[in-house]
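*Asks:* Throw the hints in and build the complete structure from the sequences for me.
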Amino acid sequence: MQLESLVKKFKTKDVKAFEKLYDLYSESVQGIVFNIVREQSIAEEVTQDVFIKAWNNAESYSEKKGRFFTWIINIARNAAIDKVRSKNFKNNTKNLDAEFFVDILENHDSLDSKTDAIGVKNFVSKLKETCIKVIELLYFKGFTQKEVSESLDIPLGTVKTRNRNCINELRIMLK
Amino acid sequence: MEADKHIESGILELYIAGALSDKENEQVYSLMMEHPEILEEVKEIEKSISILTSHVAPKDAKNSFKDVLIKMLQEKEDSAKTIPLRTSKNNWVTYTGWAAALVVGSTLILSLNKSANLQGQIDTINEAKEQYEIQLDKTNTDLAENKKLLAVIRSKDIVTVPLQGQKVYPEAYAKVYWNKNSKNIYLDVQGLPDPPKGKVYQVWSLKLDPLSPTSLGTIDNFTASDNKIFTINNPNDSQAFGITLEPAGGSETPTLEQLYTLGAV
Numbered sequence: 001m002q003l004e005s006l007v008k009k010f011k012t013k014d015v016k017a018f019e020k021l022y023d024l025y026s027e028s029v030q031g032i033v034f035n036i037v038r039e040q041s042i043a044e045e046v047t048q049d050v051f052i053k054a055w056n057n058a059e060s061y062s063e064k065k066g067r068f069f070t071w072i073i074n075i076a077r078n079a080a081i082d083k084v085r086s087k088n089f090k091n092n093t094k095n096l097d098a099e100f101f102v103d104i105l106e107n108h109d110s111l112d113s114k115t116d117a118i119g120v121k122n123f124v125s126k127l128k129e130t131c132i133k134v135i136e137l138l139y140f141k142g143f144t145q146k147e148v149s150e151s152l153d154i155p156l157g158t159v160k161t162r163n164r165n166c167i168n169e170l171r172i173m174l175k
Numbered sequence: 176m177e178a179d180k181h182i183e184s185g186i187l188e189l190y191i192a193g194a195l196s197d198k199e200n201e202q203v204y205s206l207m208m209e210h211p212e213i214l215e216e217v218k219e220i221e222k223s224i225s226i227l228t229s230h231v232a233p234k235d236a237k238n239s240f241k242d243v244l245i246k247m248l249q250e251k252e253d254s255a256k257t258i259p260l261r262t263s264k265n266n267w268v269t270y271t272g273w274a275a276a277l278v279v280g281s282t283l284i285l286s287l288n289k290s291a292n293l294q295g296q297i298d299t300i301n302e303a304k305e306q307y308e309i310q311l312d313k314t315n316t317d318l319a320e321n322k323k324l325l326a327v328i329r330s331k332d333i334v335t336v337p338l339q340g341q342k343v344y345p346e347a348y349a350k351v352y353w354n355k356n357s358k359n360i361y362l363d364v365q366g367l368p369d370p371p372k373g374k375v376y377q378v379w380s381l382k383l384d385p386l387s388p389t390s391l392g393t394i395d396n397f398t399a400s401d402n403k404i405f406t407i408n409n410p411n412d413s414q415a416f417g418i419t420l421e422p423a424g425g426s427e428t429p430t431l432e433q434l435y436t437l438g439a440v
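Heads up: the protein sequence lines correspond to chains A and B, in order. The opening residue of the first sequence carries number 1 in the working numbering; numbering runs sequentially from there. The opening residue of the second sequence carries number 176 in the working numbering; numbering runs sequentially from there.
Calculated from the structure, these hints are not laboratory results. Any given hint could turn out to be false.
Heads up, simulated BS3-like pairs for lysine-lysine below, C-alpha to C-alpha not over 30 Å straight-line [said to hold, decoys possible]:
(1) Lys180(B) with Lys87(A)
(2) Lys313(B) with Lys350(B)
(3) Lys20(A) with Lys251(B)
(4) Lys175(A) with Lys323(B)
(5) Lys16(A) with Lys382(B)
(6) Lys9(A) with Lys403(B)
(7) Lys160(A) with Lys146(A)
(8) Lys304(B) with Lys331(B)
(9) Lys198(B) with Lys234(B)
(10) Lys218(B) with Lys234(B)
(11) Lys222(B) with Lys126(A)
(12) Lys251(B) with Lys53(A)
(13) Lys20(A) with Lys382(B)
(14) Lys251(B) with Lys304(B)
(15) Lys222(B) with Lys13(A)
(16) Lys175(A) with Lys237(B)
(17) Lys53(A) with Lys241(B)
(18) Lys13(A) with Lys53(A)
(19) Lys237(B) with Lys133(A)
(20) Lys241(B) with Lys8(A)
(21) Lys234(B) with Lys133(A)
(22) Lys251(B) with Lys241(B)
(23) Lys128(A) with Lys403(B)
(24) Lys382(B) with Lys355(B)
(25) Lys372(B) with Lys403(B)
(26) Lys237(B) with Lys13(A)
(27) Lys87(A) with Lys237(B)
(28) Lys160(A) with Lys133(A)
(29) Lys222(B) with Lys83(A)
(30) Lys251(B) with Lys13(A)
(31) Lys53(A) with Lys146(A)
(32) Lys403(B) with Lys13(A)
(33) Lys53(A) with Lys9(A)
(34) Lys175(A) with Lys222(B)
(35) Lys350(B) with Lys323(B)
(36) Lys65(A) with Lys126(A)
(37) Lys65(A) with Lys53(A)
(38) Lys87(A) with Lys246(B)
(39) Lys126(A) with Lys382(B)
(40) Lys146(A) with Lys180(B)
*Replies:* This is the structure in structure tokens:
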């Protein structure tokens with residue numbers, strides 16, 4: 001089924017469409033969440049909450065405002081950040097701000113059940129440091145262009161072009 | 176070409192990140208509708224980010240749609256339990272929305288054959304809930320009834336008359352709580368055995384000198400009653416009360432060989 005019609009059906013609370021979207025995006029959601037909360041059981045729990053939230057707010061999604069993928073990873077980032085800020089979140093000794101998504105990939109066991117994970121790990125480690133930071137902030141943390149510009153101290157326009165180049169590199173590696 | 180210009184600008188990558196303003200998002204949407212190559216490019220960018228993010232998920236993470244459904248239904252249960260009795264419109268709308276969503280959701284879940292196991296769990300939860308509700312309702316009714324009875328028994332206008340077991344069934348006992356003002360007796364017959372089929376207990380008001388019985392009626396629903404306390408109208412100036420076992424429908428005069436209990440005021 002085409003993504004467009006899946007999303008349409010999902011908006012009318014079609015459980016089968018919901019399940020297909022879950023299959024398509026639950027791992028991405030979990031990746032985003034895990035990168036923020038850094039604890040597997042909490043990431044699993046928050047991932048479920050993200051999809052329940054999506055289901056409850058299905059009508060509010062509009063394709064004119066953005067891609068479904070963009071919408072759901074945005075819910076994921078917010079839910080994960082809320083979790084980290086919540087009172088009962090056990091703050092482990094790790095300094096969350098200092099770690100990037102690539103650290104997780106590098107720490108993944110090399111005996112990986114996902115066939116292409118080793119490949120992903122290898123090429124991601126080849127990404128330039130600047131790319132890693134831009135990708136981390138834009139996609140994993142949900143920063144706006146302006147916030148990235150301020151955070152990395154680079155001009156606003158540069159954020160756009162640098163990110164474009166980084167994603168191009170990523171796409172070449174993934175092929 | 177115009178499309179290439181947009182593709183090269185890097186705006187589509189920011190679009191997938193969700194880093195654009197609402198206005199810019201709408202612009203990109205129109206561009207995608209206008210230029211198929213832009214839509215294609217957006218999909219490619221999305222795919223690469225989707226692959227990247229999914230690989231950051233823990234490898235052995237639990238990832239089951241069924242768990243999401245179960246949690247959704249549990250939350251529904253919880254919210255049903257904790258909804259306060261406020262009638263704020265907002266709350267009501269949210270709750271109705273929830274309920275409607277879940278009615279639709281649950282119906283559709285039913286249509287998914289493979290979640291038979293899940294359905295079983297839902298049924299069990301719902302059945303248990305129903306049982307609790309029935310139980311709670313019954314307990315509340317019982318409590319109200321008992322409070323009423325207690326109030327009656329404690330009332331200062333009440334005369335208590337214990338009825339002793341007689342020859343035919345010496346273990347039998349009963350009690351009459353008589354309110355002379357309201358001309359009612361509350362008859363407690365917990366100490367009587369269930370009457371045999373075709374027989375009923377009949378209650379008598381007695382004058383002792385000379386002995387003249389007046390029927391106060393039969394206890395037709397003895398077996399069905401839980402607390403075995405019956406309210407009976409008694410306009411008589413009774414000197415004693417007796418209970419006999421009679422054929423269904425009752426008798427004109429008491430069958431004294433079947434006198435179960437007797438007590439004088």
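*Asks:* Holds or violated: are the alpha carbons of Lys382(B) and Lys355(B) at most 30 Å from each other?
*Replies:* Holds. Lys382(B) to Lys355(B) sits at ~16 Å (cutoff 30 Å).
*Asks:* Does Lys13(A) lie within 30 Å of Lys251(B) when you go C-alpha to C-alpha?
*Replies:* holds, 16 Å
*Asks:* Given the hint that Lys251(B) pairs with Lys304(B), test it: the Cα-Cα distance must not exceed 30 Å.
*Replies:* holds, 13 Å
*Asks:* Would you check the hint for Lys180(B) and Lys87(A), treating anything up to 30 Å between C-alpha atoms as holding?
*Replies:* violated, 48 Å
*Asks:* Straight-line Cα separation of Lys198(B) and Lys234(B) no greater than 30 Å?
*Replies:* Given that 30 Å is the threshold and the Cα spacing comes to 38 Å, the pair is violated.
*Asks:* Is the Cα-Cα distance between Lys175(A) and Lys237(B) 30 Å or less?
*Replies:* The given pair, whose Cα atoms are some 28 Å apart, holds under the 30 Å limit.
*Asks:* For the pair supplied as a hint, Lys218(B) and Lys234(B), is the alpha-carbon distance within the 30 Å limit?
*Replies:* holds, 25 Å
*Asks:* Run the distance test for Lys13(A) versus Lys53(A): straight-line Cα separation, threshold 30 Å.
*Replies:* holds, 13 Å
*Asks:* When you check the alpha-carbon spacing of Lys237(B) and Lys133(A), does it fall within 30 Å?
*Replies:* With Cα atoms ~28 Å apart, Lys237(B) and Lys133(A) stay inside 30 Å; holds.
*Asks:* What's the verdict on Lys403(B) and Lys13(A), does the C-alpha distance respect the 30 Å limit or exceed it?
*Replies:* Status violated; Cα separation ~53 Å.
*Asks:* Under the criterion that the straight-line Cα-Cα distance not exceed 30 Å, is the pair Lys160(A), Lys133(A) satisfied?
*Replies:* With Cα atoms ~13 Å apart, Lys160(A) and Lys133(A) stay inside 30 Å; holds.
*Asks:* Just to be careful, I want the Cα atoms of Lys237(B) and Lys13(A) compared with a cutoff of 30 Å; is the pair within it?
*Replies:* holds, 24 Å
Against the hints set out earlier in the document, violations occur for numbers 1, 4, 5, 6, 8, 9, 13, 23, 32, 36, 39.
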